[in-house]
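Student: Chains as they are written, first to last, in our numbering: chain A, 11 to 319; chain B, 272 to 837; chain C, 719 to 1049.
These are calculated hints, taken from the structure and not from any lab test.
All values reported here derive from a predicted model rather than from experimental measurement.
Any given hint could turn out to be false.
Said to hold, decoys possible - Only pairs whose alpha carbons sit at most 30 Å apart, straight line, appear in this in silico BS3-like list of lysine-lysine: (1) B:Lys660 x B:Lys792; (2) B:Lys387 x B:Lys479; (3) A:Lys69 x B:Lys785; (4) B:Lys488 x B:Lys505; (5) B:Lys387 x B:Lys360; (6) B:Lys488 x C:Lys772; (7) A:Lys69 x B:Lys698; (8) B:Lys360 x B:Lys785; (9) B:Lys658 x B:Lys792; (10) A:Lys69 x B:Lys658; (11) B:Lys676 x B:Lys698; (12) B:Lys785 x B:Lys815; (13) A:Lys69 x B:Lys450; (14) B:Lys450 x B:Lys505; (15) B:Lys316 x B:Lys355; (16) B:Lys660 x B:Lys360; (17) B:Lys479 x C:Lys772; (18) B:Lys450 x B:Lys387; (19) B:Lys387 x B:Lys355; (20) B:Lys488 x B:Lys316; (21) A:Lys69 x B:Lys676.
As the list claims (entries may be wrong) - Among the chain C residues that face chain A by a calculated CB cut under 8 Å, a handful are: (22) Leu870; (23) Ser876; (24) Leu884; (25) Val1009; (26) Thr1021.
By construction, the Cβ of each residue, glycine as well, lies at the ideal position given by its N, Cα and C atoms.
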Amino acid sequence: MAGPDPRRGRWRRSALVRAVVERRPATVGAVLIAGFVLLALAAPLISRITGQDPYTYDKFALDPATGLPAGPLGGISSEHWFGVEPLTGRDVFAMVAHGARTSFLIGVLATALAVVLGVVIGASAGYLGGWWDRVVGWTGDVIFGFPYLVFMIALSAVAPPQVPRTLLLVVAIGFFGWPRVARVVRSATLGVARRDFVRASQVMGSPTWRTLTRRVVPNLWGPVVVVATLSIPERIGLEAALSFLGVGVRPPTPSWGRSISDAIAWVQTDPMLLVFPGLALFGATLAFNLLGDGLRDALDPRTAREGAH
Amino acid sequence: MNTHSSPSRRLVLAGLGATSFLAACGANERQGSGSGQSSGSTPTKGGTLTVLVSSTSTNFDPAKSQSLAITSLGLVHRRLTTWKVESGKPAELVPDLATDVGTTSDDGTTWTFTLKDGLMFSDGSPIRAADVKWGLERSFAASFSGGLTYHKDLLAGAAGYTGPFEGARLASIATPDEKTLVFTLARPYGDWGWVASTPAFAPVPEGKGAEADYGLKPLASGPYVVSAVQQGVKIEMSRNEHWSASTDDVRPAYPDSVVFSLGQATDVVSQRLAADSSADQTAFGAGFVSPAQLVQVSSNPSAKGRLVTSESGALAFLALNTRRGPLQDVQVRKAFQYAVDKAAFQVATAGTAALAGEVATTLITDGIAGREEFDLYPTDPSGDPAKAKELLAAAGHPQGLSGLKLLVSQSNNGPAQAQAVQASLAKAGIGVDLQVLDEDAYYAAINTVNADEYDLALASWQPDFPSPNANLQPLFATSAIGNGGYNSARYSSPSVDAAIATAQATVDTDAAAKAWVAVDKAVMADSPVVPLIYTRNSFLRGSKVTNFFIGAFPAYPNYLAVGVSS
Amino acid sequence: MASARYVLLRLASGAGVLLVVAFVTFAVFNLLPSDPAQLSCGRPCTPENLALAKGFMGLDHPWYQQFGQFLAGIVTGRTFGTGATAVVCPAPCFGYSFQETAPVVQLIADRLPVTVSLALGAAVLWLVVGVALGVVAALRRGTAVDHLLGGLSVVGVSAPVYLLGLLGILLLGFTLDVVPVSGYVALTQSPLDWAWHLVLPWIVLALINGAVYVRLARGQMLEVLSEDYIRTARAKGLRERTVVGKHALRNVTLPLVTLFGLDLGGLLGGAVITEKTFGMPGVGSLLLDAVGQLDLPLLLGTTLFAAFLIVVANIVVDLVYGFLDPRARLT
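Extracted from the complex, chain A is given alone in its bound form (with noise of 0.2 Å):
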């Protein structure tokens, strides 16, 4: 149910606003997204205020004659709030506050990537349809095809490091995330195609590309946004998944995933050092889920069920 009128904006954000608020979890997810967000920009800051910092080696916090955290529950204290990693002594705390910033920011920008791909491939795709049409089916099919956990694997090793790292993934799994977006977006275009307004607008003679860009794509916007909303959380798994293969983001930068890749053999002897960070990565995928879902039901109930999978 896209809006009725297809030229003005300011109906749509208070229809969102609406949406999140009537729904409890959704609330829920969007306080939850707002305090990660809050904490990945504060970070550095906490940073400085605390003195903790994710990178600096701090052997007093461990316990010499083991190498753990000095104290119980992985070392927590007034001073190392989740505690400390074993054999470093770097505090817990800092790595999941700058993971966050990690996570969001491959998460965000690479859906931002696949979205923006996928609605103008997507969109293209069901609105002119034909030779183009079919290209596009059966490169998503190759890319859905493609096992892109290998492929990533593989591209670490050959990018060079001067390459960053950040910017590699988020293109990589920008890339491998257009074809499901386009996939929405197609079907939706079929929809609006078929809709007066756009008739209108072609038998009018106008060109294709400004039908399509003027007429089409602002009325795709309600399961664009559904779309991208769950595609966030499965990027930032991504993401997380790829650490925790060691094929992320490199040492020293913190990331969930290494963190909890890390944590796996302390599993037995500091079990808090896997709690924190899976916890967070847990905590910040179901915020976007919550939410994802809640403008889905409100927004696009008919995606809900093409965009579960």
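With chain A's structure known, arrange chains B and C on it following the hints.
Tutor: Leaving out everything else, chains B and C in the frame of chain A:
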């Protein structure tokens, strides 16, 4: 090829992160006796010993193997010579198939070995000099490459030789009779006796061994034959009826059968062995116990008593690529000797300094006969960032250095160690970016000189045989740069090359040792690497495994001596 | 006739997808800064030995020629080297791993039982439980049960498999010591141990994948329940159990077949993260091993295999769907 090449690559090279247990009381004294004590019995014949291995592929092809003389391959194959490894003593070169460790009639170019009497393959046929020759020639065939290749470069006229299967034979290995082997080398080589202990010196019956999977069903000369293979799962060995104990001084061969259980994740192995359930009581782990597991084990009195730690081990070092930017300047490289916090490296390696291994200052490792201790850059183990900054400023870098690329292997705790080095260099104003690679990709980068090189590399080296020669030549000779060599610092000095050549040609052991110590000092004066620690390795065994010990070299348990109690 | 043509077209397009995947994988891995022959060269490695190993492994040609040889090998098989020491990889040869001294097909076949055990067990669990819970939620629409299941399914969708798996291992494996921590026992060796080692991975996979099924089944069920024939059945006085069991359930399950086929195909192709988390020696860990060891032939083989399963699952799903729903056949 991988079979033993991958495990033994790790065995020999990747001492990185190899860890050890050593409480403040000092495990060195403990480790020799630890095994016998807790099992409370002297080794007896019989039983089944299980070895838990992380690799999924293993073969027993002597041509493709890089296995140490005292680990898996040694159970099946004998070589001309081998190592006598005892707790607390340096490894000793002893005869195996041969009656002595080789005699040279001249300056070390011609070497003669005589086979013992009564040697037989597992099919009952006699082992002749021609079979040893065939085994060596076979290692030149393209399909059987991948093993230790020291002999290939040394045998006269071997250049361009591609194996005996098309009929070509190698004239530099003469077999005047069934018992005698005479080797003619391209140049004098004092350590040829050690080279004769590498896997390719195991006999393969003349004319046989053409099939790619020979390693799964080789004819054995040692006390065990491979009796069953489930690829990727396990290898079973039973007694070789034709092996004669009276000809073999280094293999007591206690168990009746040995099982290699493959694909066992190292951390899981540690957990299982620590728990010591009945199935695991007669097993030991081939992999190092990780830092996290060491903490676990040290809080478990039963497991603690079954942990065996080496006194010393592979040299962990930071290679400074002498061909790159500011690192070409020896004064800049010397700053690194003071900048690196070796104490933090120890903690990152194993939790505590005592667990990780002693701080290293020389290139020849502990446990190698002839080693001399010295320190050209005396400083606190935690480093001296101020002095490093001073040296950098004096060398024309008052702002420090930045953007150096540090290469590190993903395996054995490498990233954690690299981050420790990175953090300590940062204090001295040296900015470093890490490049973490999978183990094989890492070695490929070290082994190949390319345009996009690293500046620094975290590396580790344990010699293939216990001679200072094997410490120094592979890491610092010009010929070891690229093309598969391990000269990770790309260090090239004509005078050091000449000194290495002279030392290699020296047959007299004492004279050779002195020559090697001189090489050690000459290299360190040029500061192509920062020695970090001599990495200790720890291994866990089940409660019914007996006679499980580690000698002064190598830092691995002596598989040949292990037994099980009932 | 039209459907036969459709099937052929579908198969051809699937083959095309595989070809592109193979080509891209081949090209990317040939850009790697390292040389697979290096690993077969021995230590110390001389340039002469390296050249020998390269020639033997067929790596002395440009990569596009190697790709051609690879494709030809699928049809004709390949022979490496000559004479007595030649290594034969029989057709269909999807590459030969020199590091494992075995044809890639054989290596995958060795590992496949693990992945199949993992995927099938989990899939059955999540399909059955997911659909059952979805139906329950629909029937109890708006109640606390519905809300609870809705909440649980969001949690399931949000939890990464490795995180849930690790927590499961920590809780059930280490703390309570009721399930094994890691590893795999063959079904033929001990069916009980087999299931025992797989229980935790099954549950974790089912929780994560099943969440989507709960939602879908619920939505589908609500839609079906509002259809005329259900109302008719109810009006006829059929018992609720019969209505739900006989009429509604079938119509709920059919659309899920699509999703199920795709999920299963992806999982069979190599559950890389799941297998790593639970220490299972399946196709996924074979893939990781291949990457770690720079075993290019093995890597290409496993990648193609994973892509193959995804493509096959797509085709099967399309065909099954077309068969079940005639309206979809010609699209």
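Student: None of the hints should be skipped; say for each whether it holds.
Tutor: Okay, the hints, checked on the actual structure:
{"no.": "1", "hint": "B:Lys660 x B:Lys792", "verdict": "holds (24 Å)"}
{"no.": "2", "hint": "B:Lys387 x B:Lys479", "verdict": "holds (22 Å)"}
{"no.": "3", "hint": "A:Lys69 x B:Lys785", "verdict": "violated (40 Å)"}
{"no.": "4", "hint": "B:Lys488 x B:Lys505", "verdict": "holds (14 Å)"}
{"no.": "5", "hint": "B:Lys387 x B:Lys360", "verdict": "holds (26 Å)"}
{"no.": "6", "hint": "B:Lys488 x C:Lys772", "verdict": "holds (26 Å)"}
{"no.": "7", "hint": "A:Lys69 x B:Lys698", "verdict": "holds (15 Å)"}
{"no.": "8", "hint": "B:Lys360 x B:Lys785", "verdict": "holds (20 Å)"}
{"no.": "9", "hint": "B:Lys658 x B:Lys792", "verdict": "holds (22 Å)"}
{"no.": "10", "hint": "A:Lys69 x B:Lys658", "verdict": "holds (22 Å)"}
{"no.": "11", "hint": "B:Lys676 x B:Lys698", "verdict": "holds (17 Å)"}
{"no.": "12", "hint": "B:Lys785 x B:Lys815", "verdict": "violated (44 Å)"}
{"no.": "13", "hint": "A:Lys69 x B:Lys450", "verdict": "violated (62 Å)"}
{"no.": "14", "hint": "B:Lys450 x B:Lys505", "verdict": "violated (36 Å)"}
{"no.": "15", "hint": "B:Lys316 x B:Lys355", "verdict": "holds (20 Å)"}
{"no.": "16", "hint": "B:Lys660 x B:Lys360", "verdict": "violated (42 Å)"}
{"no.": "17", "hint": "B:Lys479 x C:Lys772", "verdict": "holds (24 Å)"}
{"no.": "18", "hint": "B:Lys450 x B:Lys387", "verdict": "holds (8 Å)"}
{"no.": "19", "hint": "B:Lys387 x B:Lys355", "verdict": "holds (18 Å)"}
{"no.": "20", "hint": "B:Lys488 x B:Lys316", "verdict": "holds (25 Å)"}
{"no.": "21", "hint": "A:Lys69 x B:Lys676", "verdict": "holds (26 Å)"}
{"no.": "22", "hint": "Leu870", "verdict": "violated (12 Å)"}
{"no.": "23", "hint": "Ser876", "verdict": "holds (4 Å)"}
{"no.": "24", "hint": "Leu884", "verdict": "holds (6 Å)"}
{"no.": "25", "hint": "Val1009", "verdict": "holds (5 Å)"}
{"no.": "26", "hint": "Thr1021", "verdict": "holds (5 Å)"}
Violated hints, in rising order: 3, 12, 13, 14, 16, 22; the structure is consistent with all others.
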